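Let the hints inform the model, and build the full structure from the sequences given.
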Amino acid sequence: MAAHSAVFSVSKILTSFRGGHLGNTAKVFGTTVTSQRNKAVLTPPPAKYGGRHTVTLIPGDGIGPELLGHVREVFRFSCVPVDFEVVNVNSALETEVDINNAITAIRRNGVALKGNIETKHTMPPSVKSRNNVLRTSLDLYANVMHCQSLPGVQTRHKNIDIMIIRENTEGEYSSLEHESVSGVVESLKIITRNNSLRIADYAFRLAREKGRRRVTAVHKANIMKLGDGLFLQCCREVASGYPDITFDSMIVDNTTMQLVSKPQQFDVMVMPNLYGNVVSNVCAGLVGGPGLVPGANYGRDYAVFETATRNTGKSIADRNIANPTAMLLASCMMLDHLKLFDYASSIRNAVLTTMNETRLHTADIGGQGTTSEVVQSVMRIIQSKGQLTAEL
Amino acid sequence: ISGIKSHLQIVNLLRKLGLSINGKDKIKAQEVSRVVGALKTETSRPVTSVRGMQTVTLIPGDGIGPEISTAVMKIFEAAKAPIQWEERNVTAIQGPGGKWMIPPDAKESMDKNKIGLKGPLKTPIAAGHPSMNLLLRKTFDLYANVRPCVSIEGYQTPYTDVNLVTIRENTEGEYSGIEHVIVDGVVQSIKLITEQASQRIAEYAFEYARNNKRASVTAVHKANIMRMSDGLFLRKCREAAEKHKDVKFTEMYLDTVCLNMVQDPTQFDVLVMPNLYGDILSDLCAGLIGGLGVTPSGNIGANGVAIFESVHGTAPDIAGKDMANPTALLLSAVMMLRHMGLHDYAKKIETACFDTIREKKVLTKDLGGNSKCSEFTGAICRRVQELE
Chain A
1229 MAAHSAVFSV
1239 SKILTSFRGG
1249 HLGNTAKVFG
1259 TTVTSQRNKA
1269 VLTPPPAKYG
1279 GRHTVTLIPG
1289 DGIGPELLGH
1299 VREVFRFSCV
1309 PVDFEVVNVN
1319 SALETEVDIN
1329 NAITAIRRNG
1339 VALKGNIETK
1349 HTMPPSVKSR
1359 NNVLRTSLDL
1369 YANVMHCQSL
1379 PGVQTRHKNI
1389 DIMIIRENTE
1399 GEYSSLEHES
1409 VSGVVESLKI
1419 ITRNNSLRIA
1429 DYAFRLAREK
1439 GRRRVTAVHK
1449 ANIMKLGDGL
1459 FLQCCREVAS
1469 GYPDITFDSM
1479 IVDNTTMQLV
1489 SKPQQFDVMV
1499 MPNLYGNVVS
1509 NVCAGLVGGP
1519 GLVPGANYGR
1529 DYAVFETATR
1539 NTGKSIADRN
1549 IANPTAMLLA
1559 SCMMLDHLKL
1569 FDYASSIRNA
1579 VLTTMNETRL
1589 HTADIGGQGT
1599 TSEVVQSVMR
1609 IIQSKGQLTA
1619 EL
Chain B
1132 ISGIKSHLQI
1142 VNLLRKLGLS
1152 INGKDKIKAQ
1162 EVSRVVGALK
1172 TETSRPVTSV
1182 RGMQTVTLIP
1192 GDGIGPEIST
1202 AVMKIFEAAK
1212 APIQWEERNV
1222 TAIQGPGGKW
1232 MIPPDAKESM
1242 DKNKIGLKGP
1252 LKTPIAAGHP
1262 SMNLLLRKTF
1272 DLYANVRPCV
1282 SIEGYQTPYT
1292 DVNLVTIREN
1302 TEGEYSGIEH
1312 VIVDGVVQSI
1322 KLITEQASQR
1332 IAEYAFEYAR
1342 NNKRASVTAV
1352 HKANIMRMSD
1362 GLFLRKCREA
1372 AEKHKDVKFT
1382 EMYLDTVCLN
1392 MVQDPTQFDV
1402 LVMPNLYGDI
1412 LSDLCAGLIG
1422 GLGVTPSGNI
1432 GANGVAIFES
1442 VHGTAPDIAG
1452 KDMANPTALL
1462 LSAVMMLRHM
1472 GLHDYAKKIE
1482 TACFDTIREK
1492 KVLTKDLGGN
1502 SKCSEFTGAI
1512 CRRVQELE
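For the protein sequence lines, the chains are A and B, in the order given.
If you read the first sequence in the working numbering, its first letter stands for residue 1229, the second for the next number, and so on.
If you read the second sequence in the working numbering, its first letter stands for residue 1132, the second for the next number, and so on.
Just so you know, these hints were derived from the structure itself, not from any lab.
Here the structure is a predicted model, which means the values were calculated and not measured.
Just so it is clear, CB atoms sit at the ideal spot from N, CA and C, and this is done for glycine as well.
Just to be clear, a hint being listed does not mean it is correct.
As the list claims (entries may be wrong) - Derived, one-sided and incomplete: chain A residues facing chain B with beta-carbon distance under 7 Å:
id	residue
1	Arg-1384
2	Val-1413
3	Asn-1509
4	Gly-1513
Structure, rendered in structure tokens:
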């Protein structure tokens, strides 16, 4: 009894440091106790049966299916204890049945790996973007992208290391549009205090966890005084609770200018949805292109992993020239999330070795290799490290 | 009949300025590519010319504005350009009914001359009236903001060979300024896209491309998310493309444009887009060539009004210290000369400016040198006179 209450009081102190070095200790001491205390926050149990995780896989369109096929190949080869539940979403259909099935599957499994689902313009405006529906239904409020210069890739700028945290559910992507008078269309951009506080909190927590020194909020509050003004105010409020992290803000057009001239000045950036789209694509371009950067969408209960720039890549589909790096690194992020750290680092190291040492590059970063050659190289490196693998 | 008459007017104007349509000194395509919507054969523009001199309204602005305006005037004098400057002030005054407006003499001058050159204006924080740029925009209905971004040979950036033009819708879109607090903690901002404004900007973009011999126009949008609003914008662009079959039309998502722009800017030519994307992209492109200190910009309005401006700030910290860089205002003035058809002078002044920068002997602090503004101006004036 005494031991139990001692654990209880220790965990009370420890859980206040949710991130940082003490985070792991809190997980050891605090899990059993806190889950009994916070009954209101019901975390769904992990989809883990017989030691194997189940993850939803949404192939999407364009290069999605082939790249995810390679991910499965690498997982099967490395004997990763993950089973995929494949849910196909047909973007040509106007009904929402497919995407609702996908959402149900993700709710069931908790984690998903997806390719981008195309949004066809020819369909009426009532057909919303499927990717957006997925994000908002599952409340995946934070999109995290880590842009790092890779030594093996030739770019104009060196030493870039930026984390971009983008609000993922509201802002300009609310999909609330109407034609009030014929020829006049209004689109609503919604900014709420709750979501802004949530994303700012996420950004600062992540910055502290990763040992980052500076968080920059990107906004356009000189023009959109109320909307972005609210976002900025929320960021400032949260910043006051993290005195060890410097907080500053920058207007979005100045930000893009600074990014193309001196990207090394940025550390962690937090912003609403649309600016996040622009800034994340600019940063992805700066480190070498859409084929290199993985992205993750985190919600309170669910996590969906994909490439950071969410390209469908229709023009390069099925030609064996797409770059599998982004999707493979995304799958490593997913393994980290599932706490399969050893598998994650083994695959990640193999991918980065192929990129930086072997220098086997696909066409988008100036090389001659094909997708399958890169994947074969990754698998060979995993095998050479002596882990248990299937037949090549 | 009127078409033939205005055509003759233009031919006569060209002859007067020493240029000819046929023959050896035909305007070269390369120079035409830097013109802002010049020489439209349908409309005739009333140009106030007294003894061959054309009057232009000059708005020096605040901060470093007066210094750089003086620099530009000096250089134009050295080049013997037939421009007469009419200086005006645009501090906002409150008209009858409490509505803020620009001083009537400034408005009158602008309406008469149709062409203006503007320095940086200070945006007052708590003066109770909207920003001056906004006021000017509303007064003259400046619907298109044109920013040609061309790499400057003497000023090295990681990006060489940039040669594109961003045309941004300047009146509506995300900057309509309509915001409400719905309930405490929920704010709604309205983005307005109208058929009329989208049509106007799309038409202008294609006219520009045609007049300046640019090969393609790309519409930048996010119609996968903002289905109706950007969908409407895109539809209008497609319609304008149908009417201008000689110019290639493509459409690209905003994120794809950003991604490709930082990897390979040479693939873009003319970009047309709504207000917010235009703001971000035009500043991105300015960053590619070296920043706002070297980027020209022009605003085209209804009724033939055109105001050319430098887009950098007022730089109050270096105001009055003879440290400012007049390049942005000078290049905007060159854009203005081309708009007015004075290609010869434009070429002269532009070459002088670029040669001075390329030589790297006399450069202002922001370009990496140590000289004063007056020295830089002097160097350009000398070169202009050498090029006579």
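Handout entry: Hint check, failures only
Key = none
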